[in-house]
Amino acid sequence: MTRTTLRAAPPGARRLVNRLLAILVALVVWHLFARGPGSASGFPTPLESAESAAGLAGTSAYWSNIATSVETALMGLGLALLIGLPIGLLTGANEHVRRSTQLILDFGRTVPAIALLPLFLLMFGATRSLGLILIVVSAVWPVIIQTSYAVGEISPQLRRVGRAYHLTRWHRLRYLIAPSMLPFVFVGLRIAATLSLLMAISSEFLGGSDGLGYLLLQSMQINDTHRAFVYSFTAAALGLVLNLIFVLLQRRVLWWHPSVRKGGAQ
Amino acid sequence: MKTQTTLSKGEPEGGASDPIMRIRELGHSYGERQVLKGLDFEVGRGEMMCIVGPSGVGKTTLLECLTGLRRPSEGEVLFAGERIEAPPRGLAIVFQDYSRSLMPWLSVLDNVVLPLRSAGLGKAEREKTALEALAEVGLSDFTGHYPWQLSGGMQQRVAIARALAYRPSVVVMDEPFASVDAQTRADLEDLLLRVREHLGITVLLVTHDIDEAVYLSDRVLALGGKPAGIRSLLTVDLPASREQVSTKALPRFAELRSQVYRLIRNV
Amino acid sequence: MSRTLRVVTAVARELWLPVLLIAAWWWFSAGSTSLYWPPLADITDRFVDLWFFEHLVDDALPSVIRLVSGFGIGFAVAVLLGLLLGSVPALEDATRPLVEFMRALPSVALLPIMMLLLGTGDDMKVVTIAFVSTWPILLNTVEGVRSVDPVLHRVAAGYRLSTWHRIRYLIVPAAMPQVFAGARVALSMSVVAMVLTEMLGSPGGLGYFVLDSQRTFDIVAMWTGLIVLGLIGYAANKAFGLVEARVLAWHRGFTKQKEDQR
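Chains as they are written, first to last, in the working numbering: chain D, 1 to 266; chain E, 1 to 267; chain U, 1 to 262.
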């Protein structure tokens, strides 16, 4: 039986309400947890966290440290791209190179870069360089692997089109090769960016150099659970913002790609 | 020996004595748009009925209503005397898109066995039934294969075997041979006729191919119009035993064919 | 070319560079007095000394056990939740922001909270690893459940498959490729979490070994620890690959057929 009566609220608003409801439930559970099992350890309630957050947001130290972390992440990402893209292109273009480097890439990709922190800490001390080297060591792999893959996925058809129309090398690169590689490179970029942020904060946390990670470490050391919470959430928020940037970037740059066209928001 | 009897094999026309399915004033709308209206007919036991209509007329909607996959907005479908609310036990469906209707992670045998699990049969019995069905369609040598290792025609045969193993009273088929090449289609059509003769099941086949409809059926239901309704319910008075070349060469075949064509083409 | 020769050539093509690099490392570090880059020869000697079998049992084994437990728990929880959420779209949509938030939480930021609640022992470590692995798998499981071919749903309805059979024979296998894609990501995140928790938590485990060696300036030992860690990470991934190849054997053939049809 079909209904012809109007729905109570349009689906869009309904979804928002449901989501807010879910968040509210989560907050209530959090509150109950903090008051109950968590009270022994000084677990902050949502309200307390909000207060701390408001307090911290007023300080310049909070924002400057966030900026430091973001800067480190971006610089590290840039380096990883600088190193990874050419290697990836070379590896993808030449079968011999690809075979030779397969094992190394396979291995390098699975080594937890964070384990190298003690070594690099010795070499670089608690500085930004520590973060940068860690980022490069962990983020370069997805860049190389995805770029290499991208080169392999360039359709031979497109290459033939380029030759048939006698496109110049530059035009071929710009209008055929680069765009068809872009979706894959993008995936590599996204993974690398997430790793960069993670490594930036981790190196600050474990190494002690300036940044959000350091704030986190400090708060842990003086047992300031309220602040620790705010810093953790900030880290997550940064990750979300990063994700959002990529979704938007993807829509603008890769608007023509089927995965984006279908309206899938990933 | 070919005889000129109507194909109802001695049963009264339309199988009025004990129809397996009764469709009463069936209609369906999607919101304001009415797709089907006033469909009223019966399907006799052991009958082969083809439902023909041009593309887009609403065949799929009709099929969904007939099988219980969709609740019609008007009218009702009775299966063995009971009103259908959901797919009834005793009714098996063969879908058009065979490559998507078989589970790629199951072997041919496992695909055929699957419906029998929920039907409550024991392991040995399930396997025996499935193997019989696969033998019926000529796929005994491929029980361990995976669907995607087989050709299109063979995949459809697996789907048919799955339907047969289910031991239904009625098999409903949705343009089952539309996606295969002509030669394979001819083979599958004949397979269907053989199987039906052997097992005596009722078949309801939806198709847009008029030749196929006339070739296969006892009766042809011509669907047409907007909203779609029954243009006519024709009895196919061709000899009971059909053969691809000789039957289609009969003048009566051509006549019936033209008749159906005109019926469904009339808007 | 004979078959053996072909196999040898294929292997050689993949191994020559790694072998060369290791040889170069050995050669260039031979007489090294650098603190950070001791001779590879020393490292290998110490490696055999330390890890066969004392530390293998004392540190490597517990680490691996924690990794596998944490990952296993995360996997199970994620798949169960994912099946539930995937089947109830309204619920999935409502909880989506929460899930995305959890996934964006870097494991390092999780540590203070976990340590606050669970201390520094094994519990904290396993729970952290489990927490970290849950979210990527969850998101992918939901995606996998939702991407089940609608035709198969109609087949299940038409043949009156019971709910359990539908889950077991349709939904779970159909979602598996996506689940494994998520599990792969979760595995590398788990390894990172394993190292982090051991560096910060109670003594014991590979992460602790590496950090402790550095602190006591036993760089050679530290290097051996790094090598073990690298090998374990590699082995875990390879093992995962084997399981995946087995479970998803049908998927390779299936997608190939779809591609050929295009």
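If you are wondering where the hints come from, they were derived from the structure by calculation, not from laboratory data. Idealized CB from N, CA, C, for every residue including glycine. Some hints could be false.
[Unchecked claim] Residues on chain E that point at chain U, a partial pick, calculated with CB under 8 Å:
(1) Arg83
(2) Pro87
(3) Phe95
(4) Asp97
(5) Ser101
(6) Met103
(7) Pro115
(8) Arg117
(9) Gly122
(10) His145
(11) Leu191
(12) Val195
(13) His198
(14) Leu199
(15) Phe253
[Unchecked claim] Pair ranges (Cβ atoms, derived):
(16) Thr247(E) / Ser147(U): 54 to 64 Å
(17) Ala50(D) / Val77(U): 20 to 30 Å
(18) His145(E) / Arg3(U): 43 to 53 Å
(19) Ser147(U) / Arg252(D): 18 to 28 Å
(20) Val77(U) / Val241(D): 34 to 44 Å
(21) Ala50(D) / Asp58(U): 43 to 53 Å
(22) Gln157(D) / Gly152(E): 21 to 31 Å
(23) Leu98(U) / Arg252(D): 21 to 31 Å
(24) Phe217(U) / Ala67(D): 19 to 29 Å
(25) Thr33(U) / Leu27(D): 56 to 66 Å
(26) Val8(U) / Ala67(D): 48 to 58 Å
(27) Gly36(D) / Ala90(U): 27 to 37 Å
(28) Gly200(E) / Gln157(D): 26 to 36 Å
[To be verified] Rough simulated footprint, nothing fancy, chain E against chain U, three-plus residues with beta-carbon under 8 Å:
(29) 5 to 13
(30) 164 to 173
(31) 241 to 253
Results of checking the hints against the structure:
no., hint, verdict
1, Arg83, "17 Å, violated"
2, Pro87, "5 Å, holds"
3, Phe95, "6 Å, holds"
4, Asp97, "6 Å, holds"
5, Ser101, "5 Å, holds"
6, Met103, "7 Å, holds"
7, Pro115, "4 Å, holds"
8, Arg117, "6 Å, holds"
9, Gly122, "15 Å, violated"
10, His145, "10 Å, violated"
11, Leu191, "21 Å, violated"
12, Val195, "18 Å, violated"
13, His198, "22 Å, violated"
14, Leu199, "18 Å, violated"
15, Phe253, "33 Å, violated"
16, Thr247(E) / Ser147(U): 54 to 64 Å, "45 Å, violated"
17, Ala50(D) / Val77(U): 20 to 30 Å, "29 Å, holds"
18, His145(E) / Arg3(U): 43 to 53 Å, "28 Å, violated"
19, Ser147(U) / Arg252(D): 18 to 28 Å, "26 Å, holds"
20, Val77(U) / Val241(D): 34 to 44 Å, "27 Å, violated"
21, Ala50(D) / Asp58(U): 43 to 53 Å, "45 Å, holds"
22, Gln157(D) / Gly152(E): 21 to 31 Å, "26 Å, holds"
23, Leu98(U) / Arg252(D): 21 to 31 Å, "28 Å, holds"
24, Phe217(U) / Ala67(D): 19 to 29 Å, "35 Å, violated"
25, Thr33(U) / Leu27(D): 56 to 66 Å, "59 Å, holds"
26, Val8(U) / Ala67(D): 48 to 58 Å, "55 Å, holds"
27, Gly36(D) / Ala90(U): 27 to 37 Å, "29 Å, holds"
28, Gly200(E) / Gln157(D): 26 to 36 Å, "54 Å, violated"
29, 5 to 13, "violated (count 0)"
30, 164 to 173, "holds (count 4)"
31, 241 to 253, "holds (count 3)"
Violated hints for the displayed structure, listed by number in ascending order: 1, 9, 10, 11, 12, 13, 14, 15, 16, 18, 20, 24, 28, 29.
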